[in-house]
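Protein chains: 4
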Amino acid sequence: MSDVRKVVLAYSGGLDTSVIVKWLQETYGCEVVTFTADLGQGEEVEPARAKAQALGVKEIYIEDLRETFVRDYVFPMFRANTVYEGEYLLGTSIARPLIARRLVEIANETGADAIAHGATGKGNDQVRFELGAYALKPGVRVIAPWREWDLTSREKLMAYCEQHEIPVDFAQNKKKSPYSMDANLLHISYEGGVLEDPWTEAEEEMWRWSVSPEAAPDQATYIDLTFEKGDVVAIDGRSMPAHEILSYLNRIGGENGIGRLDIVENRYVGMKSRGCYETPGGTILLRAHRAIESITLDRESAHLKDELMPRYAELVYNGYWWSPERHMLQAAIDQSQTTANGVVRLKLYKGNVIVVGRQSEDSLFDASIATFEDDAGAYDQKDAEGFIRLNALRLRIGASRGRAND
Amino acid sequence: MSDVRKVVLAYSGGLDTSVIVKWLQETYGCEVVTFTADLGQGEEVEPARAKAQALGVKEIYIEDLRETFVRDYVFPMFRANTVYEGEYLLGTSIARPLIARRLVEIANETGADAIAHGATGKGNDQVRFELGAYALKPGVRVIAPWREWDLTSREKLMAYCEQHEIPVDFAQNKKKSPYSMDANLLHISYEGGVLEDPWTEAEEEMWRWSVSPEAAPDQATYIDLTFEKGDVVAIDGRSMPAHEILSYLNRIGGENGIGRLDIVENRYVGMKSRGCYETPGGTILLRAHRAIESITLDRESAHLKDELMPRYAELVYNGYWWSPERHMLQAAIDQSQTTANGVVRLKLYKGNVIVVGRQSEDSLFDASIATFEDDAGAYDQKDAEGFIRLNALRLRIGASRGRAND
Amino acid sequence: MSDVRKVVLAYSGGLDTSVIVKWLQETYGCEVVTFTADLGQGEEVEPARAKAQALGVKEIYIEDLRETFVRDYVFPMFRANTVYEGEYLLGTSIARPLIARRLVEIANETGADAIAHGATGKGNDQVRFELGAYALKPGVRVIAPWREWDLTSREKLMAYCEQHEIPVDFAQNKKKSPYSMDANLLHISYEGGVLEDPWTEAEEEMWRWSVSPEAAPDQATYIDLTFEKGDVVAIDGRSMPAHEILSYLNRIGGENGIGRLDIVENRYVGMKSRGCYETPGGTILLRAHRAIESITLDRESAHLKDELMPRYAELVYNGYWWSPERHMLQAAIDQSQTTANGVVRLKLYKGNVIVVGRQSEDSLFDASIATFEDDAGAYDQKDAEGFIRLNALRLRIGASRGRAND
Amino acid sequence: MSDVRKVVLAYSGGLDTSVIVKWLQETYGCEVVTFTADLGQGEEVEPARAKAQALGVKEIYIEDLRETFVRDYVFPMFRANTVYEGEYLLGTSIARPLIARRLVEIANETGADAIAHGATGKGNDQVRFELGAYALKPGVRVIAPWREWDLTSREKLMAYCEQHEIPVDFAQNKKKSPYSMDANLLHISYEGGVLEDPWTEAEEEMWRWSVSPEAAPDQATYIDLTFEKGDVVAIDGRSMPAHEILSYLNRIGGENGIGRLDIVENRYVGMKSRGCYETPGGTILLRAHRAIESITLDRESAHLKDELMPRYAELVYNGYWWSPERHMLQAAIDQSQTTANGVVRLKLYKGNVIVVGRQSEDSLFDASIATFEDDAGAYDQKDAEGFIRLNALRLRIGASRGRAND
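Chains as they are written, first to last, in the working numbering: chain H, 5 to 410; chain L, 5 to 410; chain G, 5 to 410; chain R, 5 to 410.
You may find that some hints are simply not true.
Same chains, same label: a pair holds when it works inside one copy or across any pair of copies.
[What the hints assert, rightly or not] Quick list of in silico lysine-lysine cross-link-like pairs, DSSO-like style, CA-CA up to 27 Å:
1. Lys160 to Lys386
2. Lys26 to Lys386
3. Lys386 to Lys62
4. Lys351 to Lys62
5. Lys10 to Lys233
6. Lys10 to Lys386
7. Lys26 to Lys233
8. Lys386 to Lys351
9. Lys351 to Lys10
10. Lys351 to Lys26
11. Lys351 to Lys160
12. Lys62 to Lys233
13. Lys386 to Lys233
14. Lys160 to Lys233
15. Lys26 to Lys62
16. Lys233 to Lys351
17. Lys10 to Lys26
18. Lys10 to Lys62
19. Lys10 to Lys160
Since the hints were made in silico from the structure, they are not lab data.
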């Protein structure tokens, strides 16, 4: 293991990754560079500096990546109306490629020959970190301590801390929680604990970002979202950068009990797992994006997007953000978004996101054609007969040859 | 037009189709057979008999098709988690193939050489009726009066009634409504009127089947749905036939403000149209079905279903229920449902359908593998390294050849 | 019909379209603009000028579009490895959007309010011309004489000629043929006549562009094709513009008995039809393009292309070249072609196109990894175990729950 | 390693798997059961008995699986027109699931707790064997000696033979070849040696099953293939079981220089590899199957099959034959084949498979509709106008809103 000289670690400042710093120094006898990012997880990142220093780290990267995260990762993903397995908005998945990219870039800057992360060997995140790293720096060495070490229980971990004088209060920057959690501007997730029984309802006290629908205001909230090329650029007419848009929607969504999700999902590594998610802003975004597309997208573009979406979602979930096939799909999706401009009006009420209006200068909705009233010749109803008869021709030929179409 | 001797008409008993009876008799000089079906639209169908008789109809078919409708059409469609354009549950679409089938069967029984319907030349329903009819009886003649006659305004229609002594009270069995409406056990739909401006919010008084989330009870309702092969067969442990299941879910869903939808959709005939829908039971069904699948379906089966679904939805929407390609997709879908058995527990509250539990003897969820605790060797974390490295191999080779994966 | 003042006609100079000129002048009392294009059909286009003049046409467009045709239509289509129904290389289909575009552009230049073409009401070409025209000039009037007039037999057509003094020798610029034919640089097609019985073998004398495999040289021909971004740019190291590339391949392919095809295909208008095609250059191109992709494309890019291709082919066949969904797919496909560079060596022999070598500076083929010999650690065989075990995990869980995977 | 008591080995009787027998006995101290199958590889399997006995094996399975192989694996795959990456007919891939199944069944019969195979750690076959085994017997132990041992060169292997007195003539039942080869009734494959340079043309002497097109007869051969439900059941009117059909086609195809293929393919384990294949019968089958489908399949069924095929091919190639998703696709495919009945006439000539006729009582080809002659009203050309106009409507609306469709 002596061949690793320097490793860049995705460092949260928490207990686990602090242990990893020490373990890497000891096990590999190498220098550790820490990288801590503010992705909107709702905790200060600056305290990580002192902790890293206390662990003897000399090169410390602490970065605010919130705008990049939302603008270049979250928003492109939402252009595809991306949902994994019909429900999950991919809040954890979409943050990983950005972290992988920064790990690799920092490795290049600091001359490190390895990267490391604190994800376990059972989950999707290890895959996402490592596929990203390999795609961007093919010769990189990846160290995943959870797959290597024998600190397989909380007790062993605490013993290691004591033995190596890692301050226990490193663990205290998170509220105590029986759940394994992850957060960024798109969502907060919960796994483990009582959730491991899929028949057990999640406890109310678990949720952190949203009130329950019951506890939400009795008065509905209306908002207008302005879209440009498929991305929200303004709320109620006020322009904001991408991360402030999402932040605003998280707050207003959370207040209205929006965005809770409780599912059993299929992990890429082959097992099913129960997860609970709060995605207030994302839930609003998805609904609004479909609404703006409903008046501005051509039918066949929209249908093609719907057919490609599950594949795109799978790629993001599985960790293939940095892959040629994701780029191909993104090219097709982005091609469709040039006209996804306009305003969507939403009513938020106790968990509900209700579309109540949409308008656009790029609207393809043409009341003069669709109207039940006289359309002044905009549409010739007689055209429908030929349309139907030729679409039916193959079915009629089949039936006349004795094919049972029923 | 003298070559039509007898025509079977989809007859609602309302004013429009009563005019059609008379118009067919006059224009084609033919006998008219009426067919009126109870699909759960919530109105008595028996009154149609006297009206038809008054119009001189001798062969009158009045049928309760509710069970067939839900069991053989609605439920098979829900096995696919079918949603059109991300939102619409296809309530109108799925009723048409059954009506088309009965029209054709009655034509065969009565020796009729034509069928007729009251759908306009602008909508999807004409296509669905006629594709179905042609697929099942390729030589059938189809008469679509709205595409042929000149009764293009309400005034002309009323004048025709007066002239032909069609009792005006034929119009009175429906509540007056400014909307074009359609209902069956799966949903009720609204089009036209103020909805023709997609920026205008639907009025509260429009909705008929559900209370608003605001008006729903402050207390949540819990229900358990039991699935067998992908279909709900019992509610709270009580077995019911398919149509009673849906009827029960409509009632309980409507009481809890569930299932309202307001969208702009793409019609098969090429235009966009605004529609509002109430689908209380269907909205519950969809959520519950995904939940039972989440623990009982293999990952790749589920993903394949998700990729095929938009195509399947398009087929149903466009009227290709009676087509070989729909049968192909149904064969694949049904193949996946043999293990979709178990119970889903839902919480219904002010418009929200919240999955709170799922259990099944066919569950593939294995807490002993997924657990964050010690798994006693059920899963070897070291396997993940090889898994990731080989999945990354093509990306690494590409990157090492200078491909920019970012 | 008096509202049409000027119409642009796709004019071949042959008898049928000459009749159409006269018929349009008479029936619509309008001015006719003729448009004749050299797409490589192998006949002089200049003679069309005198004929059009003789028919009283004042605005005559005669254009050599061969380079545009191959560069902007044929080559982009081949980037997708496009094949319709597993066999057909879309030679007729791909020429139509270019003609539609020029008809519309000429209509705009000349102030014409209508376009006209000589395609029948049974075929795909009417659809392709008209969808293209409507997509590019939505208010255009389209006149399709074959769907309107009563000149439904050869006799009536000849009578019309005599009556209107259209010189009979207009018919003589084509060799007499019992087949309906169409040709351009990509192919020549044959329909009708004895081909209407799909059990009857095509006669040897029907084929015009290629010798039979039997008559081809006993000596094989080798050629090297150089690709840049998915397009062939040089043959045997000699750079040529796109149309000369295809022309060269047609000649050398035809000499070697390559590119004959005899199929029954499904028309967009709903019927099956028998067609025979000679596509010597295209057949070579397709094989070579797949070969260059085989060493330069990432696996998942290639597989995604394969999954999208049938949809793309259907769009081209059905006439949706000028549609947003085709542009979406093209964006994805073109994204994949940046690395499709290199040289493919082919052996042409009596109908066979045999790939015998491929090389590229962008090759992803890595003999040091794939080798059966010692790979010096480039690939760790132990990785395969984890790869297999995690890919198998869902199957194992299923089987252990009693699922019969067989 | 003492926990393995008995292992079933896929035993060819050759040198490599003979070494494996000994190595398993030594390394695992376990009993070895050998399984040798005749899949039509063209070598006697019975000699494997004496060799196994000489190695001390007590339970020896030698089976003729040719009919099962073709009937239950090859033919179902061909119903899908399965081709991997546009070229490869999956000859090796399709044999693996059958072998995996028999290994597992024999393990169950003999009370073995493990299976073993002689595939290397770089190839696809290990994946196919092991995914199959895990899917059918989830708790099975798999031993892949090539991933475990240190006999990584031919020299070490020969030394092991000498040391363990494995007769060297075990190696002599194959003709000496510089290639890694695999054969069964569907094909014979070649990898390695000079093929590791994709620019090098394969040597003529490499090919074993077919003559070169140059060496094939100057006279064409005609054959008629009779299909029932998508499978060939008779040749020239003579009924034969599945494996005799394929055997016959291999012979006649090989004689006519048909079925050679030279490609670079993408392995599931992540690398590209060069392979040469001879698939004479399969090449004929594929062409003929498409031809019978061309007249008997509904257009949309055929197109749906074409869109699903690449996925199906990928599943087979990657080793997921025994998976729920393959069964789903098979259900859809088989649903389409009930009408794939009839006769296809082929001309075989120097590498070419030329379809010259097809006929069927289930034909959907209707000359009376498709004809260029008078169709007596079977098709109303005026229908085309409405068909086109409504299909164009969305494009026209888009264009009239300023969308550039070009």
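Requested in this report: Can you give me the call for Lys386 and Lys351, within, between, both or neither, at a CA distance of at most 27 Å?
Outcome: Answer is neither: 40 Å inside a copy and 48 Å across each miss the 27 Å cutoff.
Query raised in the report: Can you tell me if Lys386 and Lys62 fall within 27 Å by alpha carbon in one copy, between copies, both or neither?
Result: neither (78 Å within a copy, 31 Å between copies)
Query raised in the report: Taking 27 Å as the upper bound on the Cα-Cα distance, should Lys26 and Lys62 be classified as within, between, both, or neither?
Result: within (13 Å within a copy, 56 Å between copies)
Query raised in the report: Which holds for Lys10 with Lys233 at a C-alpha limit of 27 Å: within a copy, between copies, both or neither?
Result: Close neither inside one copy (42 Å) nor across copies (39 Å); limit 27 Å.
Requested in this report: Since the copies are identical, ignore which copy is meant and state whether Lys10 and Lys160 lie within 27 Å (CA to CA) inside a copy, between copies, both or neither.
Outcome: within (26 Å within a copy, 39 Å between copies)
Query - Intra- versus inter-subunit Cα pairing at 27 Å for Lys160 with Lys386 - result: between (78 Å within a copy, 19 Å between copies)
Requested in this report: Tell me, please, which holds for Lys351 and Lys26 at an alpha-carbon limit of 27 Å: within, between, both or neither?
Outcome: Answer is neither; intra-copy 51 Å and inter-copy 47 Å both fail.
**Report entry** Copy assignment of Lys386 with Lys233, given that the CA separation must stay at most 27 Å
**Finding:** Cα proximity of Lys386 and Lys233: none, with 37 Å in one copy and 41 Å across.
Query - Status of Lys233 relative to Lys62 across identical chains (alpha carbons, at most 27 Å) - result: Neither: 43 Å inside a copy, 46 Å across copies.
Query - 27 Å Cα threshold - placement of Lys10 relative to Lys351 - result: Cα proximity of Lys351 and Lys10: none, with 52 Å in one copy and 52 Å across.
Query raised in the report: Is it within, between, both or neither when you check Lys10 against Lys26 at 27 Å Cα-Cα?
Result: within (13 Å within a copy, 46 Å between copies)
**Report entry** Identical-chain pair category, Lys160 with Lys233, by Cα at 27 Å
**Finding:** neither (52 Å within a copy, 46 Å between copies)
Consistency note: the structure conflicts with the earlier hints numbered 3, 4, 5, 7, 8, 9, 10, 11, 12, 13 and 14.
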